[in-house]
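Go ahead and model the full structure; you've got the sequences and the hints to work with.
So the protein lines, in turn, are chains F and S. Note that this note's numbering numbers the first sequence so that position 25 is 25, with each residue one more than the last. Note that this note's numbering numbers the second sequence so that position 20 is 20, with each residue one more than the last.
Any given hint might turn out to be false.
The calculated EDC-like cross-link candidates involving lysine to aspartate or glutamate, where the alpha carbons are at most 16 Å apart (straight line), are [as the list claims (entries may be wrong)]:
1. S/Lys-15 / S/Asp-141
2. S/Lys-67 / F/Asp-95
3. S/Lys-15 / S/Asp-144
4. S/Lys-67 / F/Asp-174
5. S/Lys-15 / S/Glu-57
6. S/Lys-67 / S/Glu-129
The hints are simulated quantities; they were obtained by calculation from the structure and are not laboratory data.
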Amino acid sequence: MTADHKDKWYMLTLVGEDQPGIVAHVSAALYEGGCYLGETSMMRLGGNFTIMMMVRYAGTAHGLQEVVGGVAESLGLRLHIDPIQAHLHDHRLPDVRISVYGADRAGILAKVTGALAEAGLDILDLESDVAGTEEEPVYVMHIEGHAAEGIPALESALEIVRNEGIQATLQQVDTLIG
Amino acid sequence: MAVLEILQYPDPRLKQTSRPVERFDDALRRFVTDLEETMRAGPGGVGIAAPQVARFERIVIVDVSVKRGIRQHGRLVLINPEITEWEGMSTGREGCMSVPDYTGNVIRAERIRLAASDEFGERREYEMEGYEARAVQHEIDHLDGLLFLDRLVSKRHDLFRRKTYR
Chain F
1 MTADHKDKWY MLTLVGEDQP GIVAHVSAAL YEGGCYLGET SMMRLGGNFT IMMMVRYAGT
61 AHGLQEVVGG VAESLGLRLH IDPIQAHLHD HRLPDVRISV YGADRAGILA KVTGALAEAG
121 LDILDLESDV AGTEEEPVYV MHIEGHAAEG IPALESALEI VRNEGIQATL QQVDTLIG
Chain S
1 MAVLEILQYP DPRLKQTSRP VERFDDALRR FVTDLEETMR AGPGGVGIAA PQVARFERIV
61 IVDVSVKRGI RQHGRLVLIN PEITEWEGMS TGREGCMSVP DYTGNVIRAE RIRLAASDEF
121 GERREYEMEG YEARAVQHEI DHLDGLLFLD RLVSKRHDLF RRKTYR
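What follows is the structure, encoded as structure tokens:
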């Protein structure tokens, strides 16, 4: 697939209450509207469905709004469009994976990522969940990233959060190229 | 000696099954030399299989000796390899010279026992584990038309706990 260099890339964000068929309807509208997709992330967060899509489209943001606006409205999705640079085919390899869990409380994400950022972690992918029950929620997070200042610096940072009762494990990601 | 061209997916030839080697002659050994040079020319390549360079015979080279502090056998030429025992499972990150710009998590046996011929036709047996066992399983998959893409597990959910780095 070769890109027409005159085409522009947009980040399309759609959020709304989850229901069956959202991905199928949105992607059909984009395909019929002449769009080509880059990397995407689509997932259910709580009872909501969230979509972030890199979309290549020959027209303006307003034109893209018209392509997908109707289907978004019919599915009750809020739509947001930003022009972006694509930077495809330039994946950065993670060299570390960090898992965190503990009794949920306000500020865990800020505390953990703050300590890790100071120790040189560049986050490539992060997902977090609230498990357990409403009475006793449990926070679970997985991060993949690049340790710009080395793994020992991140281990020291995690030692600090462990002292506050947060469980954190670090695994080196050693990618095998065969 | 020559660096050979590496087939890249979606080339359909990567999905075909390779045939056993029958003649262990100088032509085979010249090819093994070229295959090894091709592996070493790739950035970070620790293994290569003959079908990756469009020769559909059961020939694999693995050398994980660049990874320090692990158990490994150094340079291995594995012809007509057969894994005879598998034990344990682990998840690890893999990429492939035939699949540029993508890496993913794959479950492999943690320890394997393996029989294979060297480039002179002598049958040998190996026991290996961890990173080296993963590399061998990745390469033998190529001989059966399988890519790591055929074995991906979710990036988002750890199915098996891995060793922690301390």
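task = May I ask which of the numbered hints given earlier this structure violates, with the numbers listed in increasing order?
result = none
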